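Asks: Listed below are the residues making up each chain.
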Amino acid sequence: MSDAVKTRNRWLVLPGMLFFFTAYLLLGLKEFDWQAFVMAIFVPGVFFLVTVILPKLIPADRILLTLVNFLCGLGVLVLFRLNPERGFGQAVNYAVGLVGMIGCLLIVRFWPQIKWTMPLIVIAAVGLMALPLLIGTVKNGARAWVRIAGVNFQPSEIIKVALLLVCSFMLARRMVIPTLAFAGVCLGLLFLQRDLGTAMLYYAITLILVYVSTGSLTFLSLGTLGAGAGAVIGYQMNTYVQNRVKIWQNPWDDPYGVSYQVVQSMVAMVNGGPWGTGLGLGSAKVIPEVETDFIFAAVFHEFGLIFGVCVILMFLMIFLRGVGVAMRARSKFHTLLALGCSCFIAIQTFVIIGGNINMIPLTGVTLPFLSYGGTSMVSSLCIMGLLQGVANANERGLEEDQLIAMLGEES
Amino acid sequence: MGETTYELLSLGLRYWFILLIFLTLLRAYFLMRSDRRAYLQTLRQLPDAGLIGEVVNLATGEGQPLPREGMIGASRSCDIRVPELHRREMEFVFRPGFGVKLIPIHRKHQVLIDSEPLIKGVDYALHGTVLDIRGTQLRFRLFAGLDLPMRQTAFAPEVQVSQSSFDVQEPLPIITSIPEPTPPADSTNEMEMTWQFAPLPPETFEPAPQPLIRRRRRSERKMGEDHHE
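Respectively, the protein sequence lines represent chains U and S. Numbering-wise (this note's numbering), the first sequence opens with residue 501 and increments by one. Numbering-wise (this note's numbering), the second sequence opens with residue 256 and increments by one.
The reader is advised that the hints may include incorrect statements.
Here are the simulated lysine-lysine pairs, BS3-like style, with alpha carbons at most 30 Å apart [claimed, not checked]:
1. S:Lys375 - U:Lys530
2. S:Lys356 - U:Lys746
3. S:Lys356 - U:Lys832
4. U:Lys556 - U:Lys639
5. U:Lys615 - S:Lys375
6. U:Lys785 - U:Lys530
7. U:Lys556 - U:Lys746
Keep in mind that the hints were calculated from the coordinates and are not lab data. Because the structure is a prediction, the values reported are computed rather than measured.
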């Protein structure tokens with residue numbers, strides 16, 4: 501990143517800091533809540549620390565960092581508005597996710613020294629993926645959760661990171677069949693867990709990475725056909741999938757029954773209008789699972805359509821920036837990794853926002869950075885960490901080229 | 256705070272929140288755009304960015320840019336395309352401090368590096384290395400600034416140097432003018448001369464323009480010291 505961009509990044513951070521300060525101050529003034537006043541100082545401070553000070557210690561793409569942290573802060577704000585305990589919980593999840601992000605950045609940076617652990621990563625990923633089938637708990641029809649030492653987590657969220665690393669590594673070495681085998685095992689286990697939303701994401705990412713690495717239209721065609729076949733089989737075998745398709749086709753058939761969630765979401769968004777109801781004045785709490793699956797509807801309801809579109813544009817910018825990082829990458833592994841990370845975030849965002857506005861049938865995936873959930877926040881930030889690692893490698897590669905050119909001139 | 260007051264304040268601040276997120280987006284967009292322009296400008300100053308040299312087909316004289324890693328073969332998707340070879344013949348990866356590691360895909364196909372069979376552990380190509388794949392000869396030309404070990408020539412004759420060679424016997428003649436460069440002698444294989452006849456650079460007669468004074472990084476200073484040693 502050029503020095504001019506590094507300098508002007510401060511002016512990118514200032515609107516975000518003002519936003520969080522004003523929002524928490526407003527929430528605090530509603531009922532003179534001291535917790536909100538503390539957050540009004542704490543959140544902008546953390547935002548500044550993470551987006552301006554942290555990149556001085558660990559080289560990172562500042563534009564990506566600012567956009568991602570804004571979205572994380574927005575998620576904490578909305579959750580705090582809905583339920584202060586959830587807001588604090590999400591802030592803790594964010595702190596853990598930040599550590600994960602730095603860890604993943606370092607993994608990419610030191611990958612040449614640790615790539616020998618790839619077989620261990622594959623074994624650990626398959627083992628973790630099989631864990632819910634052995635000791636998992638059922639939630640919302642899917643046996644995808646595991647409780648260990650009092651902590652609930654979803655292994656399929658964590659294994660997203662492993663999937664990206666494994667697929668990128670293997671496809672960079674033209675090991676297409678082992679890649680498909682690994683992805684196939686993960687998909688099979690997800691099908692057994694009935695976590696079809698995550699399975700769909702895994703499938704899409706694997707298909708994209710295989711196509712980009714091989715350039716084979718045959719693979720792409722077969723993969724698309726396979727996706728269609730999988731959708732049909734999933735529809736025939738699972739009644740809740742059939743219900744979701746019926747809800748999508750006409751949610752007004754049973755607005756107080758199975759379609760209640762989607763109907764309330766759409767009503768809330770319409771009530772928000774272009775400018776929103778106003779922070780603290782909305783009633784998004786009536787939407788079931790508003791803190792996880794319908795957080796976007798809550799944002800839309802209180803901040804309005806224009807704000808909601810800006811949030812979508814923010815995700816789009818993160819995707820475009822990630823694709824730019826992938827195109828500047830110096831090795832196939834880095835290119836595939838960066839592209840996989842960007843597509844993962846983009847597809848997941850599209851799926852959940854599309855479900856919120858009833859553009860596509862609703863699935864059980866979360867909105868990255870905003871939805872409440874420790875595993876979701878940690879995995880999203882870890883994916884960003886991988887992307888930051890590739891961006892960092894690009895910067896070092898360019899410096900190396902400048903050094904080579906200079907040394908070549910001197911000799 | 257009264258409900259009405261809070262309601263008015265909240266309704267008024269809606270526009271403020273929208274303005275702030277819009278400003279954030281706009282700023283991010285302009286920063287991305289200026290970063291891209293700076294990157295493209297840097298690339299224009301570094302036309303060989305991402306490359307480590309060139310591979311020349313000695314049979315045809317055709318040179319292809321050599322990236323840091325890739326594939327040699329006949330397929331169009333290969334980074335170094337040689338029609339005479341198999342679709343995917345060999346992979347290569349640049350390892351700083353070692354050279355260009357060559358990994359044949361098909362073990363049965365004999366590959367020679369500087370007339371020696373390619374064996375594991377001795378499979379690095381350096382500047383000037385000639386790779387022979389079933390009669391197709393490829394010469395590697397690597398950039399001068401790369402971190403490479405010194406190349407050991409296979410058939411370097413032993414030269415006996417006596418002490419008297421270093422004794423100055425008579426003063427060397429003063430060169431008053433630089434002789435005109437002569438083209439290379441006729442050779443049965445003109446393609447052995449991979450360097451084209453070219454006039455001497457203008458710096459020979461005029462001092463080169465002084466580079467901009469810039470603070471050298473520690474790695475560059477160290478690299479410079481090692482180079483001078």
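Asks: Holds or violated: lysine 375 of chain S and lysine 530 of chain U, Cα atoms, limit 30 Å.
Replies: Answer violated: lysine 375 of chain S to lysine 530 of chain U is near 73 Å, above 30 Å.
Asks: Need the status of pair lysine 356 of chain S, lysine 832 of chain U: alpha-carbon distance at most 30 Å?
Replies: Answer holds: lysine 356 of chain S to lysine 832 of chain U is near 16 Å, not above 30 Å.
Asks: With the threshold set at 30 Å, check whether the alpha-carbon distance from lysine 785 of chain U to lysine 530 of chain U stays at or below it.
Replies: holds, 17 Å
Asks: Would you check the hint for lysine 556 of chain U and lysine 746 of chain U, treating anything up to 30 Å between C-alpha atoms as holding?
Replies: violated, 52 Å
Asks: Lysine 356 of chain S and lysine 746 of chain U: Cα distance at most 30 Å?
Replies: Violated: lysine 356 of chain S and lysine 746 of chain U sit about 58 Å apart, past 30 Å.
Asks: Check the hint pairing lysine 556 of chain U with lysine 639 of chain U against an upper bound of 30 Å on the C-alpha distance.
Replies: violated, 42 Å
Asks: Are the Cα atoms of lysine 615 of chain U and lysine 375 of chain S separated by 30 Å or less?
Replies: Distance ~20 Å between lysine 615 of chain U and lysine 375 of chain S Cα, so the pair holds.
The structure fails to meet hints 1, 2, 4 and 7 from the earlier list, while all remaining hints are met.
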